[in-house]
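J.: Residues per chain, in single letters:
Number of protein chains: 2
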Amino acid sequence: MTAQAFDPASLKYDDKGLIPAIAQDAESGEVLMMAWMNVESVTRTLETGKVTYWSRSRQAFWVKGETSGHLQTLVDFRYDCDQDCILVMVRQEGPACHTNRRSCFYTAVREGETVELMGPMA
Amino acid sequence: MTAQAFDPASLKYDDKGLIPAIAQDAESGEVLMMAWMNVESVTRTLETGKVTYWSRSRQAFWVKGETSGHLQTLVDFRYDCDQDCILVMVRQEGPACHTNRRSCFYTAVREGETVELMGPMA
Numbered sequence: 001m002t003a004q005a006f007d008p009a010s011l012k013y014d015d016k017g018l019i020p021a022i023a024q025d026a027e028s029g030e031v032l033m034m035a036w037m038n039v040e041s042v043t044r045t046l047e048t049g050k051v052t053y054w055s056r057s058r059q060a061f062w063v064k065g066e067t068s069g070h071l072q073t074l075v076d077f078r079y080d081c082d083q084d085c086i087l088v089m090v091r092q093e094g095p096a097c098h099t100n101r102r103s104c105f106y107t108a109v110r111e112g113e114t115v116e117l118m119g120p121m122a
Numbered sequence: 001m002t003a004q005a006f007d008p009a010s011l012k013y014d015d016k017g018l019i020p021a022i023a024q025d026a027e028s029g030e031v032l033m034m035a036w037m038n039v040e041s042v043t044r045t046l047e048t049g050k051v052t053y054w055s056r057s058r059q060a061f062w063v064k065g066e067t068s069g070h071l072q073t074l075v076d077f078r079y080d081c082d083q084d085c086i087l088v089m090v091r092q093e094g095p096a097c098h099t100n101r102r103s104c105f106y107t108a109v110r111e112g113e114t115v116e117l118m119g120p121m122a
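Same order as they appear, the protein sequences are chains Y and V. The UniProt record's numbering applies: residue 1 is where the first sequence begins, and numbers increase by one. The UniProt record's numbering applies: residue 1 is where the second sequence begins, and numbers increase by one.
Hints are supplied without guarantee of correctness; some may be wrong.
Said to hold, decoys possible - Heads up, simulated BS3-like pairs for lysine-lysine below, C-alpha to C-alpha not over 27 Å straight-line: (1) Y:Lys16 x Y:Lys50; (2) Y:Lys12 x Y:Lys50; (3) Y:Lys16 x V:Lys16; (4) Y:Lys12 x V:Lys12; (5) Y:Lys16 x V:Lys12; (6) V:Lys16 x V:Lys50; (7) V:Lys16 x Y:Lys12; (8) V:Lys50 x V:Lys12.
Everything labelled a hint here was simulated from the structure, so no lab data went into it.
The task is simple: from the sequences and hints, build the whole structure.
T.: Okay, here's the thing in structure tokens:
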């Protein structure tokens, strides 16, 4: 298969102009978080190598870790068969979660009850 | 931290009643796909152990692999800090992708060009 030039506008964005982006630790394989990007976030992420989301609450670009120092450096940018979901493989500095946990997915449901899988990082 | 009874309605669903669900291979750690669930999908997934999405195109429940045989068996059900995204750890029979590839995330963007990372399974 021949490589083709990638156009960020070729991805499928929802009615708010957003696409979900999953961040996975490139080394450990741990799924760290899911947030949203718009077409300009995609462009900036690829150009700068700093994973850049669109904050729906703040309605602003969100360079992950810019204020906290917990940067996500892009290792590989991937998208799915339907072109409506992104997977960024990243190198994560410190915790990805705003609760100071490594991953946002720290709660499991087992036998009908919630279980906390990890605590905040020291 | 004390375990608490889990209520599927306690998750945050969007204005269409849906929540994104990421499926990750429980053994390899590979991210396989992302699809959507509604509150009843969550309930069915937990009760049956068969990962059950809501098909937006068909507007129907979608027991993954029910017609293809490529079942996803639930290994662990997790959700994130904001309670607006699910991570299902699964045992995946065969390909997860409708293109017959193991994962839906088979396209990467490298140096501005798209690269196919894997082909269909034999």
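J.: Work down the list of hints and note, for each, if the structure agrees.
T.: Against the structure, the hints:
1. Distance check on the hinted pair: lysine 16 of chain Y and lysine 50 of chain Y sit about 23 Å apart at the alpha-carbon level, within 27 Å; holds.
2. Note on lysine 12 of chain Y and lysine 50 of chain Y: the hinted pairing holds, with a Cα-Cα distance of about 22 Å set against a maximum of 27 Å.
3. A hinted pair counts as satisfied when its Cα atoms are at most 27 Å apart, and lysine 16 of chain Y with lysine 16 of chain V qualifies at roughly 13 Å.
4. Restraint check for lysine 12 of chain Y and lysine 12 of chain V: the C-alpha separation of about 23 Å stays at or below 27 Å, so the hint holds.
5. Under the criterion of a C-alpha separation no larger than 27 Å, the hint pairing lysine 16 of chain Y with lysine 12 of chain V is consistent with the structure, at around 18 Å.
6. Of the supplied pair hints, the one linking lysine 16 of chain V and lysine 50 of chain V holds, its CA atoms being roughly 23 Å apart against a limit of 27 Å.
7. With a C-alpha separation of about 18 Å, the suggested pair lysine 16 of chain V and lysine 12 of chain Y falls inside the 27 Å cut-off, and the hint holds.
8. Proposed proximity of lysine 50 of chain V and lysine 12 of chain V is supported: the alpha carbons are some 22 Å apart, at most 27 Å.
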